[in-house]
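Participant: Listed here are the chains, written in short residue letters.
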Amino acid sequence: MLNNWILIGLLAVSTYVSRIIGVEIMAGRKMSPILRLYFQYVPVGIISALIIKQIFIPTDGQLAVSFPVLIGCLSTAITIQIIKMFLPSVVIGVMIGLLARYM
Amino acid sequence: MNDKKSAIKTGFTEALPLAVAIAAYGLSYGVLATQANISLMGAVAMSLLVFSGSVQMVTVAMLTAGANLTSILFTSVLLNLRNLLYGAALAEGLAPAKKWRWLLSFGVSDEPFVLGSSRFKQYGPDPLYFGIVVGTFYMAWAFSSFIGALIGNQVDPQQWGLDLAFPVTFVALLIPGLQEKPVIATALTAAGLAIGLECVMPGNEFTIIITGVLSPLVGLYVKRRSQDAE
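These protein sequence lines are chains G and X, in that order.
The first sequence maps to residues 1122 to 1224 in the numbering used here.
The second sequence maps to residues 14 to 243 in the numbering used here.
Treat the hints as calculated values from the structure; they're not laboratory data.
One thing to keep in mind: the hints can contain errors.
Cut-off 35 Å, straight-line C-alpha distance, at most; resulting in silico cross-link-like pairs (DSBU-like, lysine-lysine) [unchecked claim]:
| # | chain 1 | residue 1 | chain 2 | residue 2 |
| --- | --- | --- | --- | --- |
| 1 | X | K22 | G | K1151 |
| 2 | X | K134 | X | K17 |
| 3 | X | K112 | G | K1151 |
| 4 | X | K17 | X | K112 |
| 5 | X | K134 | X | K112 |
| 6 | X | K22 | X | K112 |
| 7 | X | K111 | X | K17 |
| 8 | X | K22 | G | K1205 |
| 9 | X | K22 | X | K134 |
| 10 | X | K111 | X | K22 |
| 11 | X | K18 | X | K111 |
| 12 | G | K1151 | X | K17 |
| 13 | X | K134 | X | K18 |
| 14 | X | K18 | X | K112 |
| 15 | G | K1151 | X | K134 |
| 16 | X | K194 | G | K1151 |
| 17 | G | K1205 | X | K18 |
| 18 | X | K111 | X | K134 |
| 19 | G | K1205 | X | K194 |
| 20 | X | K194 | X | K134 |
| 21 | X | K111 | G | K1151 |
| 22 | X | K134 | G | K1205 |
Please put together the full structure from these sequences, using the hints given.
Facilitator: Rendered as structure tokens:
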């Protein structure tokens, strides 16, 4: 639990530092457009990796596909493309994933 | 005086629809934080002190997967790199706030950047507007995190499929952004790279960091190729 509080403190400081550096130090400087794009793509890479890590779960030293997670993810991907609403898409994905788990 | 009133009113009106969307994320974050064994107080404190959807979501996902403090911190630094861009772009619009800039800087993130930069472009510097927008988002984020963590504490995660909520939430965050080829290329590369890394070293700590650093390079390559083709 103490570790969680240390983590929260460190995240708070590092996040604020990134914000204040932008406002106070980076202001007025030209940043290369390539670097700008790179920064914008980073979250996409991290989020994709996180999804993969939840679908492919290490079991006895090998990777196993979690089908409820895979089916839930695909359902949400299709739903959000159609209805374009965040929470309902999450709920539908979880429900279909649960169904896949208990079937 | 009228200018002030109008900035407050416009800020609040323009922030409100986005605040509803932020509250939806906040609700998910709160529920997921309890899955990562973060207490109700910890979950809310993180929202109050960090105030960053992406950092907080990724942190709770990594904690749940058993990641250590160093890799979580490194990943959050990667995620926060884009704040440098936002801050630099907003600096001029916040300049009249003088010493209050230190407080307003706390609100530099995705959504306030979108609203703030378009306001400054049209009407020039307006720290008050930015403050109202950030304040509205802050309250929506903190309150919804609290409600989410409260719900997460009350239910049995497996039975309600809350463990499924993690990957599904990330899919819902990712998919709407996959519009342009470079972004799609980044996501596909990240997926392939993550599978490859996990195959070689199942459950290792470095998959997220290595993927986060390398996959955007492919996005840049695709962007460059499409520009060259034009």
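Participant: Decide, hint by hint, whether the structure agrees.
Facilitator: Consistency of the hints with the structure:
Between K22(X) and K1151(G) the alpha-carbon distance is near 34 Å, which keeps this suggested pair within the 35 Å criterion. For the hint pairing K134(X) with K17(X), the CA-to-CA distance comes to about 18 Å; that is within 35 Å, so the pair holds. With a CA separation close to 24 Å, the supplied pair K112(X) and K1151(G) stays within the 35 Å bound. With a C-alpha separation of about 19 Å, the suggested pairing of K17(X) with K112(X) holds against the 35 Å cut-off.
Among the hinted pairs, K134(X) with K112(X) is consistent with the structure: their alpha-carbon atoms are about 22 Å apart, no more than 35 Å. Between the alpha carbons of K22(X) and K112(X) the distance comes to roughly 24 Å, so the proposed pair stays at or under 35 Å and holds. Between the alpha carbons of K111(X) and K17(X) the distance comes to roughly 17 Å, so the proposed pair stays at or under 35 Å and holds. Of the pairs offered as hints, the one joining K22(X) and K1205(G) holds, with about 28 Å between alpha carbons and a cut-off of 35 Å not exceeded.
The hinted pair formed by K22(X) and K134(X) meets the criterion: a straight-line CA distance of about 18 Å does not exceed 35 Å. Note on K111(X) and K22(X): the hinted pairing holds, with a Cα-Cα distance of about 22 Å set against a maximum of 35 Å. Of the pairs offered as hints, the one joining K18(X) and K111(X) holds, with about 20 Å between alpha carbons and a cut-off of 35 Å not exceeded. Restraint check: the Cα-Cα separation between K1151(G) and K17(X) comes to about 32 Å, which is no more than 35 Å; the hinted pair holds.
Under the criterion of a C-alpha separation no larger than 35 Å, the hint pairing K134(X) with K18(X) is consistent with the structure, at around 20 Å. For the hint linking K18(X) to K112(X), the alpha-carbon distance of about 22 Å falls within 35 Å, and the restraint holds. As the CA atoms of K1151(G) and K134(X) are separated by approximately 18 Å, the hinted pair is consistent with the 35 Å bound. Of the supplied pair hints, the one linking K194(X) and K1151(G) holds, its CA atoms being roughly 26 Å apart against a limit of 35 Å.
For the hint pairing K1205(G) with K18(X), the CA-to-CA distance comes to about 34 Å; that is within 35 Å, so the pair holds. A hinted pair counts as satisfied when its Cα atoms are at most 35 Å apart, and K111(X) with K134(X) qualifies at roughly 20 Å. For the hint linking K1205(G) to K194(X), the alpha-carbon distance of about 20 Å falls within 35 Å, and the restraint holds. With a CA separation close to 28 Å, the supplied pair K194(X) and K134(X) stays within the 35 Å bound.
In summary, the hint linking K111(X) to K1151(G) is supported, as the alpha carbons are separated by about 23 Å, within the 35 Å threshold. The suggested pairing of K134(X) with K1205(G) holds, with an alpha-carbon distance near 28 Å, which does not exceed 35 Å.
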